[in-house]
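One-letter residues, chain by chain:
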Amino acid sequence: MLDFFKFFSKEQNKSKDVAKERLKLVLIHDRANVSPKFLEMVKGDIIKVISNYMEIDEAGFDIRLSRIEQEDENYTSALVANIPIKRMKNMGKNNG
Amino acid sequence: MGEVIVITSGKGGVGKTTTTANIGTALALLGKKVVLIDADIGLRNLDVVMGLENRIVYDLVDAVEGVCRLKQALIRDKRFEGLYLMPAAQTRDKNAISPAQMQKLCEELKEHFDFVLIDSPAGIEQGFKNAIAGADKAVVVTVPEVSAVRDADRIIGLLAANELTEPQLVVNRLRMDMVKRGDMMNIDDTIDILGIDLLGVVPDDENIIVSSNRGEPAVTEENSMAGQAYRNIARRLLGEEVALIDMESGVTFMEKLRKLFSGKNKRKS
Ligand SMILES: Nc1ncnc2c1ncn2[C@@H]1O[C@H](COP(=O)(O)OP(=O)(O)OP(=O)(O)O)[C@@H](O)[C@H]1O
Ligand SMILES: [Mg+2]
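So the protein sequences, as listed, match chains C and G.
According to this note's numbering, the residues represented by the first sequence are 1 to 96, in order.
According to this note's numbering, the residues represented by the second sequence are 1 to 269, in order.
Extracted from the complex, chain G is given alone in its bound form (with noise of 0.2 Å):
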């Protein structure tokens, strides 16, 4: 019996999607059977993000409408072995369908995959509870930026009223040379704010969009950052225990040139 994992965040934009998409990926690498959900209908997403976005046929209202068969309406990935993409409809809204449905199609796949990842919509509203209605477990993506950790708050509380109490958080897009002359909350100020356990950090780093433009996740990536902070959160999903990597290895172009100006300076004193 497979596990059921929403990725949500309340507040629009700060990666769920590239989330969903590179954790799946690297469970798949790491020889697990995973279906990715993409249950934000109408805005559809994952298939690009996957590059899977020429092989839909039917999606997942089809499925739950019995329109189709459900397997019909799951996408093999080629590149990678067990694998599996379920889209969303792109022309239909959150509406067409209900959270009873989604937790009945959730109980079916967790027959077949060792772990079925739901790709929330952002916001509060129908897709939001349809998204979470079959999950086992939650995690929480944010950014550390006052109005999407205020959203994440709101979403811990809405995930705990339905009995998703012990959710994981990831926060994304995190800049090292940021938080180093203090412009941006460390993981430290955002854990004690959320009070909620870390999964793992993931850096800002341009080869996310890069590989979002090629539709090929950044896990496969062995030099991306992002892509080795999400191969750390599959392994901690497997129950591994793994240290938070040294952003500061992985320098941007400021830390460098700040590297460099500092280094000037002790050698003049």
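Same shape as in the complex, but just chain C (with noise of 0.2 Å):
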């Protein structure tokens, strides 16, 4: 017998997961955007960490959110960081 009712809900593509998936993503983006700190504080702990191995050129540090289209096609997102390196630290003699 014909199912009437699964007639109207499809299995594989529920609108309450594919709801889930962009509100996840688009908040990632709203909550990075809505406080301008956000990305400032990322980009200074990230200084913190990198600061022990390498010189970097704070300048022309650039961080930013992004979209990335995934072989799925689907998005996601992703925090890309552009991060010029000065020199190097000699990590042999700190661990020595």
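I should point out that these hints are in silico values taken from the structure, not numbers from a laboratory.
Among the hints, erroneous ones may be present.
As the list claims (entries may be wrong) - Some chain C residues judged to face chain G by a derived CB distance under 7 Å, without partners named:
(1) 15
(2) 20
(3) 23
(4) 25
(5) 44
(6) 48
(7) 64
(8) 86
Claimed, not checked - For each label pair, taking beta carbons as the anchor points, the in silico distance ranges come out as:
(9) C:21 with G:33: 41 to 49 Å
(10) G:78 with C:22: 30 to 38 Å
(11) G:137 with C:30: 20 to 28 Å
(12) G:165 with C:81: 28 to 36 Å
(13) C:52 with G:240: 50 to 58 Å
(14) G:33 with C:30: 49 to 57 Å
(15) C:18 with G:240: 31 to 39 Å
(16) C:83 with G:243: 46 to 54 Å
(17) G:93 with C:50: 46 to 54 Å
(18) G:71 with C:81: 37 to 45 Å
(19) C:48 with G:95: 38 to 46 Å
(20) G:33 with C:83: 57 to 65 Å
Note that beta-carbon positions come from the ideal geometry of N, C-alpha and C, so glycine has one too.
Dock the two chains into a complex; use the hints.
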């Protein structure tokens, strides 16, 4: 017998799952953009960590959130940072 | 000393006014002294939802500007002991009062009431800022839809920036039939995304419209599912642990139909 109600529900692609995925993505961007300080804070922390290993050009440090298209044509968010390196630190010495 | 709770949402039309009216009435029915403030200046609604529109003489702006004494702007709801409404001004705009004035008003009111509930206007502008200024606590209302949840998230961020760091969520207009067929985000989905505590879930219920037609909050309706949900929310605000209602027992029409069909199927097989 034909299931009358199955007909209405697309099991594979439930609209609530689509809603949830879209929300998650859009909120990543909303939350990052609401606070202009947010990316500055991330940037500050990255500099702190990286500086243990290399000397970087802080003025040329570029960081932003962007969307990347994946192979399955879905989009995902990515934190993209471009960090020019001035000089590597000599880790051998420190670990000595 | 009472508690000031702002009911807010970001997106319009998701049920702030309905929620304020029903929680307030439920708290009064539980013996608390409650004042409802309509902070939606220029678009007042709480008065009609409460059925008190014919009793307005003075309003919030009058009280703040000193045109009347604070007490004169309070309408006593004769049906519910301890319940009062401070209506919004209808012919002024949101800039008629400032956050500082609102804060002062709340300070004064909470000396005399157990609960001061503020019905916030939609949006994130001046009206919203006024509404949250004197609040100790925030309730965020949303419906399980992408745009409303997104706006709720924005509001949660703005509340946090204003020292209201632990808002509680009311998910309104949930439709179990849609949740079941995967066409509406369920409670877990919504909480998972917003990351705040749940205060309650209110089903989509036509009683809400019937009761706003009559100007009698749905909490007074013994058999209303939404009324029950709001009664539970009020008890949670008083610190009681109350389980979520089983929405499946209050089945909608489609649901009944579905149950009927699946029942038949079972017998055949
Ligand atoms: N649980 C519910 N079931 C059915 N209808 C509802 C429910 N909650 C609210 N409504 C209806 O939705 C409409 C909007 O509700 P309400 O006025 O409370 O929203 P609001 O957030 O205060 O709107 P605004 O942003 O304009 O102030 C009303 O017509 C109301 O009757
Ligand atoms: Mg309203």
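Results of checking the hints against the structure:
no. : hint                        : result
1   : 15                          : holds (5 Å)
2   : 20                          : holds (5 Å)
3   : 23                          : holds (5 Å)
4   : 25                          : violated (11 Å)
5   : 44                          : violated (20 Å)
6   : 48                          : violated (25 Å)
7   : 64                          : violated (19 Å)
8   : 86                          : violated (36 Å)
9   : C:21 with G:33: 41 to 49 Å  : holds (46 Å)
10  : G:78 with C:22: 30 to 38 Å  : violated (48 Å)
11  : G:137 with C:30: 20 to 28 Å : holds (24 Å)
12  : G:165 with C:81: 28 to 36 Å : holds (29 Å)
13  : C:52 with G:240: 50 to 58 Å : holds (52 Å)
14  : G:33 with C:30: 49 to 57 Å  : violated (39 Å)
15  : C:18 with G:240: 31 to 39 Å : holds (37 Å)
16  : C:83 with G:243: 46 to 54 Å : holds (52 Å)
17  : G:93 with C:50: 46 to 54 Å  : holds (51 Å)
18  : G:71 with C:81: 37 to 45 Å  : violated (60 Å)
19  : C:48 with G:95: 38 to 46 Å  : holds (44 Å)
20  : G:33 with C:83: 57 to 65 Å  : holds (60 Å)
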